[in-house]
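Build out the structure end to end from the sequences listed, making use of the hints.
Chains as they are written, first to last, in our numbering: chain A, 1 to 294; chain B, 1 to 294.
Among the hints, a few may not be true.
Unchecked claim - Just a few of them, taken from the derived set where beta-carbon distance is under 7 Å, the chain B residues facing chain A:
1) Leu34
2) Phe82
3) Tyr133
4) Asp137
5) Pro141
6) Asn160
7) Asp168
8) Gly257
If you're looking for bench data, these hints aren't it; they were derived computationally from the structure. These numbers were taken from a predicted model, which means no experiment stands behind them. All C-beta atoms, glycine included, are put in the ideal place defined by N, C-alpha and C.
Protein chains: 2
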Amino acid sequence: MSNFADRLAEAIDRKASCVVVGLDPRVDALPPDLLARARQSKDDAADAVLEFNRQVIAAVAPHAVAVKPQAAFYEALGQPGFRVFGETIRHAQQEGLLVISDVKRGDVGSTAEAYARAHLEEFDADAVTLNPYLGGDSIAPFLDYADRGKGVFVLVKTSNPSSVEVQDLEAGDKKLYQRVAELVEQWGEPHRGRSGFSAVGAVVGATFPEAAAELRERMPHTIFLVPGYGAQGGGAEDCRACFDKRGYGTVVNSSRGIIFAYAKDKTPRWQDAVAEAARRMKDDLERVRRGKAT
Amino acid sequence: MSNFADRLAEAIDRKASCVVVGLDPRVDALPPDLLARARQSKDDAADAVLEFNRQVIAAVAPHAVAVKPQAAFYEALGQPGFRVFGETIRHAQQEGLLVISDVKRGDVGSTAEAYARAHLEEFDADAVTLNPYLGGDSIAPFLDYADRGKGVFVLVKTSNPSSVEVQDLEAGDKKLYQRVAELVEQWGEPHRGRSGFSAVGAVVGATFPEAAAELRERMPHTIFLVPGYGAQGGGAEDCRACFDKRGYGTVVNSSRGIIFAYAKDKTPRWQDAVAEAARRMKDDLERVRRGKAT
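Laid out in structure tokens, this is it:
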């Protein structure tokens, strides 16, 4: 199967979009019709979330290249949550979307193998997010799946305020996240595709644009997964520095800003508000990408 | 409910043991009778793992203070794995063991809240392991459960070879893991119990004894969870530096060395090999603890 970076690049070209929609379903924020169905049992709650995800996927599929289910929200539903996690992944792939499971795992070798098997084989996502704190042998088992078209996104610089406590520590002449960036670029080297990008991507928060510009130079072959668009404060302009000179190499995630768009936009059908939010985000980002390409 | 550190100290005194048994079940390593039952379907495999865990728990309960189910091995079983994960936790608690869910989660605030709800409320473990790369606001939601007797163990220095790639980077006049150690001690300060230790523990690998001695001084109020005894190469002597002067402040984990002890020790009943491995580890560590206390 094609390299994950090439699969992502193909989707970006085909859909003229770099939008990733985060599927972070909170039961208490579901639209009223689904919330009513969630109240009886844990299985009901999980089923309501699955139905919500299906309708969100239908609404955003024309505008997004991928969805990013956040494992925490499924784990919080207990055992039925994992059924819904798996069914959401399968359904999104059937609808032509790539799936990035946001699991942020990071563990020692034999355990990392089990996580890789869990998420890239059992749940069969196209890519996962990983935490670099344990170093290269916590990443390697996932890269064994690169020749099956799978990818990873390693946390480099996250968008939360306290990320500075660890990631911004001065490590020699660089900050820690800059050292991690060098490791990520290096881990990806054997896994580059025809697009020039590798199957080892990086999570780079949009809330620190100066850091993003510097990281783009430090990681020329690394696709950025940028969270923090919308609800976390960043906009398309903040993402500008993440794209390369041709407008490639970055996908941008929004979660609550899209899936719960109906909370602010009182159109009669909540699905229309979701679709409109995804379309607006796509257009917003395409303007920035086209600005880079000219 | 009592502070988690006090609950752990009480169990250590009552059982004269600081042993934690890692429940990392690999289906292909199950004893023959259970392996035969695991072959038909995913549900069968999960049921065989649950029965294995029940029998391991019965064998080690007299010798251990806690079990540490490693989430990866349950996730690798797909959806039925999470049923078994939950039932294992409940069963171990019924048998008088504390449960430390080894999940190594680490995520931004609202997602960390969902993970905390998942593991300290839904699955209802007594403690979880966490990754510090995202800083304090990825830890805080878990500490909201401290007054319900829950605890956390934050990765500081792990036992895998590539831990040096990130954790040992020089950050100012210290190594990164030493800076993280200071954060952990600080995060624990509002959560100290009568024992003097806090509900915020640290994961400190036994494979780096010099680092452990230095970390013991740097984190006087922090309980160490030490992996790497047995299968990962470390022995009780390597754990000596982790205990405080009175022989407290540390619990030591072994996973494969105990639960798969029958692979090396061909006693007629595999459960006897498991019990004997746990008893030997307890005695081995108690000698070291008593050596400190005198």
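We went through each hint and held it up to the structure:
1. Leu34: violated (18 Å)
2. Phe82: holds (5 Å)
3. Tyr133: Check passed: Cβ of Tyr133(B) comes within 5 Å of chain A, closer than 7 Å.
4. Asp137: Asp137(B) check passes; min Cβ-Cβ to chain A is 4 Å, inside 7 Å.
5. Pro141: violated (10 Å)
6. Asn160: Cβ of Asn160(B) sits 4 Å from chain A, so the hint holds.
7. Asp168: Asp168(B) check fails; min Cβ-Cβ to chain A is 9 Å, beyond 7 Å.
8. Gly257: violated (13 Å)
The structure fails hints 1, 5, 7, 8 (numbered hints given earlier, in ascending order).
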